[in-house]
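So the chains spell out like this:
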Amino acid sequence: MGGDHHHPHTDHGEHDHHDHPGLEDDIQLGKRARRVLAMEELLVEKEVIRRDDVPRLLDFMAAMSPVDGARVVARAWTDPAFKAQLLDDPRVALAELGYPLVSGAKLAVVENTEKVHHLVVCTLCSCYPRSLLGPPPDWYKSFAYRSRAVVDPRGVMKEFGLQVGEEVEVRVVDSAADLRYMVLPLRPGGTDGLNEEELAALVTRDSLVGVGVAQSPAVGG
Amino acid sequence: MRGKLWSGRGGAELGGFRPGDVVKVLPTKVHTHHRTPGYVKGKIGRIAARSGRFYDPETRAYGGSGLPKRELYLVEFDMKSLWGNQYRGREGDTVLIDLYENWLEPVTASSGN
Chain G
2 MGGDHHHPHT DHGEHDHHDH PGLEDDIQLG KRARRVLAME ELLVEKEVIR
52 RDDVPRLLDF MAAMSPVDGA RVVARAWTDP AFKAQLLDDP RVALAELGYP
102 LVSGAKLAVV ENTEKVHHLV VCTLCSCYPR SLLGPPPDWY KSFAYRSRAV
152 VDPRGVMKEF GLQVGEEVEV RVVDSAADLR YMVLPLRPGG TDGLNEEELA
202 ALVTRDSLVG VGVAQSPAVG G
Chain L
5 MRGKLWSGRG GAELGGFRPG DVVKVLPTKV HTHHRTPGYV KGKIGRIAAR
55 SGRFYDPETR AYGGSGLPKR ELYLVEFDMK SLWGNQYRGR EGDTVLIDLY
105 ENWLEPVTAS SGN
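Taken in sequence, the protein lines are chains G and L. Every number in the numbering used here is 1 more than the matching position in the first sequence, counting from 1. Every number in the numbering used here is 4 more than the matching position in the second sequence, counting from 1.
Isolated chain G (complex conformation) (with noise of 0.2 Å):
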């Protein structure tokens, strides 16, 4: 690149950094960050997107989180129906809790048993089922932890505090194409008794990328 503000600029040059007020002039942007701000200028310039298409969808992104995920898995753990569904088309089982059917990389759903447990990560970058659970922790975008979780998943889960049993079989989903995958974590014990919004509250955001579980109920709470 280089040379980003040298394009041809003749014909509308009021158009130059009004666009993101007071960014440049108190915060020095590193190179990649320029560099995305002037492809982003491109694309509005040459009508690709509109204006306004990269803040909102960065808003929905953000409105997302593992609460959720939460919700959905809490959902599955008392509906049997819904969990079905869930696993077998996301889409049509979110579009029932009132989620939109959002366009673009199509979500999947594994489940976790006393027998098998799921561990996604992507190797090739960091795609992650943002349109559910928004933006992916920084760990989930790391180098170590992207080209650890497929070389030694179990010690990778041990660093986060969780140690699966050798009687469970270790799945790890490497999300390098078009789908987007969660983790239906394992319906922790002692729980029968809670209602779903009780059970959405154990269901922590590391639980549904697999370096974590599920937690237990309180004892006495």
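Derived from the structure by calculation, the hints contain no laboratory data. The structure displayed is predicted, hence computed values, not measured ones. A portion of the hints provided could be inaccurate.
[Unchecked claim] From the derived model, a few chain G residues whose C-beta atoms are all more than 10 Å from chain L:
no.	residue
1	44
2	63
3	112
4	155
5	216
[To be verified] Quick list of in silico lysine to aspartate or glutamate cross-link-like pairs, DMTMM-like style, CA-CA up to 25 Å:
no.	chain 1	residue 1	chain 2	residue 2
6	G	159	L	25
7	G	159	L	82
8	L	45	G	153
9	L	47	L	97
10	G	116	G	97
11	L	28	L	97
Backbone N, C-alpha and C fix where the C-beta goes; we use that ideal spot for every residue, glycine too.
Given chain G, put chain L in place with the hints provided.
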């Protein structure tokens, strides 16, 4: 873009795969955009499921239409087949990964692989 896009061998022309089929990932080194990580190249796995048909990322990355769509397969690899005895977990642990048809070739008993 530079050079010609690698187009693979076209798994669809081979009639597609079914769950349980044994496949080998092509070992091809490609310098253009593709979604097959190096650690599965040349390795042998099993088709676990069909994942659907998707726009071809290898042409889409360069402004192409991504058509025709490509069949995507969830392929299962034994850890031992990927890492040999260096793998520190137990027998039966696996990696599941979505791979496009053009990266897969059938392995039959007679092909010796």
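> Looking back at the hints listed earlier, which ones does the structure fail to meet?
Replying inline: 4, 6, 10
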